[in-house]
Amino acid sequence: MVKIKPQKTDPTILTAVADYFKVLSEVSRLQILTCLKLGPMNVMELAEATDLGQTNLSKHLKVLTQAGILSRQAKGTSAYYKIVDPMIFEFCELACDRVSERVLKQAASLKALRGKQVF
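Its first residue numbered 1, the sequence shown is counted upward by one per residue in full-length UniProt numbering.
There's no promise every hint is true.
Derived lysine-lysine pairs resembling DSS-like cross-links, with alpha carbons at most 27 Å apart [stated by the list, open to error]:
1) K22 to K82
2) K82 to K59
3) K3 to K22
4) K116 to K105
5) K75 to K37
6) K37 to K22
Simulated from the structure, these hints should not be mistaken for laboratory data.
My request is simple: use the sequences and hints to build the entire structure.
Shown next as structure tokens:
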């Protein structure tokens, strides 16, 4: 049998991927991304949609923008934020589907255990 060696990935690339996941590992940032799926929004619209305070929201918008996930465009007195690469939605949807599937399986297992008498 021929053994296939896994391809080595450059540690610099892996570090960049880990940093990307860190940015996405915050619930408030995922809320923001979900809101922006509908299209560009300004800070006031995002604050209303997410129930985040303006200071907290601005902090998260800065992180997402610096990571290259969002872009910021000034229009009049407002700044509008939009998703740079819509592929982020496919990525988030895939992750949500997998997590939901796992949670449902765990719930079914717990329900089955509760149905059994343990004495």
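Now for the hints, and whether the structure bears them out:
1. With a C-alpha separation of about 20 Å, the suggested pair K22 and K82 falls inside the 27 Å cut-off, and the hint holds.
2. Taking the CA atoms of K82 and K59, the gap is near 16 Å; set against the 27 Å cutoff, the hint holds.
3. Of the pairs offered as hints, the one joining K3 and K22 is violated, with about 34 Å between alpha carbons and a cut-off of 27 Å exceeded.
4. Annotation: proposed proximity of K116 to K105 holds, straight-line Cα distance about 17 Å (limit 27 Å).
5. For the proposed pair K75 and K37, the alpha carbon gap of about 19 Å is at most 27 Å, so the pair holds.
6. For a cut-off of 27 Å, the pair hint linking K37 to K22 stands: about 20 Å separates their Cα positions.
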